[in-house]
Amino acid sequence: EAGVAQSPRYKIIEKRQSVAFWCNPISGHATLYWYQQILGQGPKLLIQFQNNGVVDDSQLPKDRFSAERLKGVDSTLKIQPAKLEDSAVYLCASSLRSLGKLSTEAFFGQGTRLTVV
Amino acid sequence: SQQGEEDPQALSIQEGENATMNCSYKTSINNLQWYRQNSGRGLVHLILIRSNEREKHSGRLRVTLDTSKKSSSLLITASRAADTASYFCATDINAGGTSYGKLTFGQGTILTVHP
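If you read the sequences in order, they're chains A and B. Just so we're aligned, residue 1 is where the first sequence starts under the numbering used here, counting upward by one. Just so we're aligned, residue 1 is where the second sequence starts under the numbering used here, counting upward by one.
The following block holds chain A by itself, in its conformation from the complex:
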């Protein structure tokens, strides 16, 4: 079974530039998460999709971050403009969880390591 695919694996940009990350979840997984993990910390949820609808984006800095999940499959996360404090690993995860049901095991991609200089 193919896992969660993310690209790129690494990205270095200058502050005020824009960047986009792509995620392809496991086939059939309705729930998709984007997490930000700063070095030495636990993952912080940025946004959660259920199919192509947003369930939670309370911690997404909406002035600079945006995310979409077209057709309820692939997802992109964009940062525009980037700040130095955005340097982190961005993790995408998916799960089988259906709307209204309890959470299940989440499968994570390898992440994208972003460095903002």
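Simulated from the structure, these hints should not be mistaken for laboratory data. Please note: incorrect hints may appear among the correct ones.
What the hints assert, rightly or not - Below, in silico cross-link-like pairs of lysine-lysine (DSSO-like), each with a Cα-Cα straight-line distance of 27 angstroms or less: (1) K70/B - K71/A; (2) K26/B - K102/B; (3) K83/A - K62/A; (4) K11/A - K62/A; (5) K15/A - K78/A; (6) K26/B - K44/A; (7) K26/B - K56/B; (8) K62/A - K78/A; (9) K70/B - K102/B; (10) K11/A - K44/A; (11) K102/B - K71/A; (12) K83/A - K11/A; (13) K44/A - K70/B; (14) K83/A - K15/A; (15) K102/B - K56/B; (16) K26/B - K70/B; (17) K102/B - K62/A; (18) K44/A - K102/B; (19) K62/A - K15/A; (20) K44/A - K15/A; (21) K102/B - K78/A.
Fair warning: this is a prediction, and the values are worked out from it, not measured in the lab.
Starting from the known structure of chain A, arrange chain B on it as the hints suggest.
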């Protein structure tokens, strides 16, 4: 803010010893999950325990859940060097009887197992 808080922040043991990590959380949950993260790799799911369960086993892993104390523990028995990793608890918060499937992670425990 993080829902879960792991304790200790770092743990160093010898191969063959047992390792115990604790997780405390603040609000009512539907379930609690433990994940492992090796250096440079993504998170891997280890075990899920539901709010109506008190103990669960999976191989060398034993997880307990005490909802009255809002805490959980992960025990790794007969540890191996390959168990060296960061361990995170993640909670699915019960919001008024509803689950949104939102997984909130703690800060993690760094486990080092010396050969």
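(request) Mind listing which of the numbered hints don't hold for this structure, in increasing order? (result) Hint check: 1 fails alone, others pass.
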